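So the protein sequences, as listed, match chains A and B. Using our numbering, you'd call the opening residue of the first sequence number 1 and step up by one each time. Using our numbering, you'd call the opening residue of the second sequence number 1001 and step up by one each time.
Everything labelled a hint here was simulated from the structure, so no lab data went into it. Here the structure is a predicted model, which means the values were calculated and not measured. Where is the CB? At the ideal position from N, CA and C, for every residue including glycine. Don't take every hint at face value.
Unchecked claim - One side of the interface only, derived from the structure: several residues of chain B facing chain A at Cβ under 7 Å:
{"id": "1", "residue": "A1374"}
{"id": "2", "residue": "I1387"}
{"id": "3", "residue": "N1388"}
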Amino acid sequence: MSTILEIERIQTYIGQYHILEGVSLKVPARGITVLLGRNGAGKTTTLRSILGLTPPREGRVLFEGKEIQGRRAFEVAALGIGYVPEHRAIFRNLSVAENLRIAERRPGDLERRAELIFGLFPDLKRLYKLPGDHLSGGQQQMLAVARALVADNKLLLIDEPSEGLAPILIEQLMEAIRQLAATTTVLLVEQNFIMASRLSDTYYIIDDGRVAHQGAMKDLLADQELIHRYLGTAVRGTGRSRTKGGQRS
Amino acid sequence: MTRSFWKNNQAALIVAAVLIAFVWVGWSTMGQTTFVQTALSGLTLGSLYFMVASGLTLIFGLMHVLNFAHGTMFMIGAYAGWQFYTNPTFIFGLLPLAFALLAGLPAGTLLQPLVRKLQLPERWQKPLRWALILGAIAVGLAGVIGLDFRGLAATAMVAVTVGVDPLAEATAQEPLARFWLRPLLLALASLLLAVANQHPGSRQQMLRRHRRWPLSLALTGALASAVVASVFREAGALAVLRLDANWRFLLALVAGTAAGGALGAVVEATLVRPLYERHLYQVMVTLGLAFVLMELVQVLWDPLPYQMSRPPIFSQPGKAASLLAWFSEGSVTVNILGVTFPSYRLFIIVLGVLMFVLLAVLMKYSRLGIIIRAGVQDSEMVESLGINVRRVFTMVFVLGAGLAALGGIGAAPFIPVEPKMGDTFQVQAFITVVIGGFGSFTGAAIGALLLGLARAFGDFLALRFSLSPAISEASTVIIMAIVLLVRPSGLFGRRD
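So that you can see chain B by itself, here it is in the shape it has in the complex:
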């Protein structure tokens, strides 16, 4: 029994032993202050690595998709959150269009019985489909033509660079009398796409029957949201800006996560889903998407780094004597075990731990978690049990993208917000996933912890012995090499 316990938990025990030895050596040679300081920095980094890596590992484990756009989700989350926090004019200006696009999809599916009546000879089916797709693109473009994207994007840019009162900049939106046509056209465009997707005219079209009432409900909801969002484009942005900055930051976390999740849903449905089983194409498509999104962001906000300001609760001058004191003072630094440490970084650590616990509970106890764990091993068998695995794939992709975006907005207040900000995190997340074992959620957490600490202590060593700072970057790869030598499938990877 003891033997099998040792065998089953080998990886966890080795990691624990290494960490304990490391703490002991570090504590005794570096002194308490430096050690705690460096360890906390490492935990902050580890937290962020975990948020990127956990989605990456689940997506790969379940769907065998290497998502090279995962760092881009991180970046998009940071931009969305930064926009929302600094000046949400851009987000509120585009929200009605997003809802309108969403409304077209259930509407198209509701038209399915009508579409099915249409029977065409085979040589007309493909041209019809392409005509619909091209029509959708044309209508969609007509819907956004003349919309001042850069002007909307500039509002937050101005607020940051010039430091003007964001309230003065928040109201510049197109008048509703001209705007209302745009959501209408976009809804029509996505409706055309949805119809094109049903292969109209073909007898062999998808036989899936949809229940009508959930579709009608989705349609009504999306339409109503589009109308409300159109009307309150200016008032909504103003209301958010008048909100207490701490609450606004909390909402920005939610908005960034939602933006990442929504992007994940779109990417999964349009780019990844048609390419399951074609792994090389997926790598190329996600890599290409990463470049496209990066360029898009540069077009909107110029290739400049921005600094998102911290919410007041993390930025009052002074130093709180303890965590409890910080709650009332909201000071920029906190005293932890005799060490002065930025309070915002503590927040990141807490956020990372919270996410880990939430995800762990989800994976262990919920039905979705059981399905995900089963699907990582054998998704075909899960499907044979009558479970719509594709839908679970979409959910996991959205979950992963949302988590990465949350990491991005979490990181935005202490690293520069710029188009390439996700790149290093993506590389580190891939290393994390390799160390932890592809598909293992616990592995991602442990790997992120190890990498975060390695980076922080690597930096410390480089500084102390005036070595090249490259040593801390190399340290993560060295850890990966050692782990792979000992366990080729990662710490918690399966050995088959």
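So here's chain A without its partners, still in its complex pose:
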């Protein structure tokens, strides 16, 4: 299996805080790789370091074999990496159509991908003209994922898509991400272990800024002790009940 993204011992600081202390991981092309771990373990920072939003001070990031650390985020993204940040960071003062349109890298991207996007999220077609802040939390999350699909991305970084969503919406989102993984690669950060375990093939557990464990998901599922040790607080039956969605930036 070929590797699309490789991270070698990256050290990332935010201000004076040492967040990532030598994280290394390999993301195989096609399929879903999940980053697990407690709150504050460094999962989001790992995604942001890949993209260059919090550039690592040391270590290498290789995308399709090329070093990309130290490049500006827009250049990294333009190589074919889509980002779905946590808290469904859509542009609330833009309409759904504009939210999608802005993600075009070449003219006509949206038309080319419209079938895929509206196939996965038929609701968006109905909401096309509405401003982003009129959408429910779930619809905003759909839009955030859809936005990452407009350009021709080879790798999608998706950060906690299930956060604050109702169970039925989580099911729909899971289905969409599973379909995506057939044609592209997904690196997923997920607190909802049930969702993560049903989606992904490979897992990495990040703890205190290091990779504590890694392997195939089916092995992890058999190891209750490991799950309990690292993810104890994170195991949950379904997603959290929906809080007041969509108001956070």
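Please arrange chain B on chain A, whose structure you already have, making use of the hints.
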């Protein structure tokens, strides 16, 4: 549905209600003539406030930069336009140097592959960089030494104060045989700066690869422009002076805007860009820049107020019976709803409205507009989509500075052109932006309208009841206080 309509457009509806009530009260108590007269004055002021405030609000909303040099852009625009209109000798004399400076930058970037070959131990990298920067400054100074800036600047001054024929004054330029070295040296200086900016000798230097042909094109263009501008320094100025004064005024509007935009580009690239995320420094740097530019202008043109004459189409004696009649007569005043009103002020109102419509269309429909609106909310996410946000920042800064400069040259024919002319406009523009909500373009327009009217009607009240004229100045601050009490983030500001 009706509830949500009310909620979404609360601010706009309240403003509309206030304005309608205001018009009704004003019309019935002041009488038609006085009311229309005062309202038009207010609209003129509002137009100018809008041109300064719209750039300010966009720059702050997108980049979180409080640009305290924005009023200075207004002033620079006024000076550039006034120079161009009265006697463009100064502008044409310096144009080749500007093009030469511009040419050095792509040339430096083209040298990048060569520079990258150089590998030096770390302790030599910093000294080399500083040597290059100091060398650039030295070469640049050598390029302008002995150039009679004040003499060039004086041509328009003389034309204004003595009233001599500007054509007689237009030709005094240094002979080309001596001049040609200057653009060459300045191009070399900016090339050295561009190389210094690549951190030569370092392995960690910027890895960005540039496509060569756009750079070569830019280099060729700038070089050719520098040569052409050097040769036609005198002929260009003469040609402009021989032009019909109305066309010259139109060109002066363009020249003033371009001067402001160019200044904005330089300021953004050299002073603001290294200081993103350091807001206090930006305030100090832009404030310092405002003082420096003001002093520079005083050195060149003395701290005197100048009156720029109006183009003929706004200055023929007489009074046009209607707008249509004005087109053929070009008279100094026009009859509007039974009120005699200066035609030039109407032009300012039209210019302001035109700018608003153009900007509104740009913001609503163009890709740049969508990116700007998205960036006001979350510029990091915009960058994550693969968009070079820094370049958009530069464009917005240039756009804002250009708009302020356009306001300046627009205002020049009816307020004195002096170094401090931008100060009051900057203060009013800040108040406008606070009323409208930081980052909101519509807010800036509405705020400017409110402030303009408040100033005009404040002046009227002060005159009528023999109050202190300070009341009209205070009125804008009072409006700001009321708006902030009701909506702490401004009329159209976001509430998070």
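* Of all the hints given earlier, name the ones this structure violates by number, lowest first. => none
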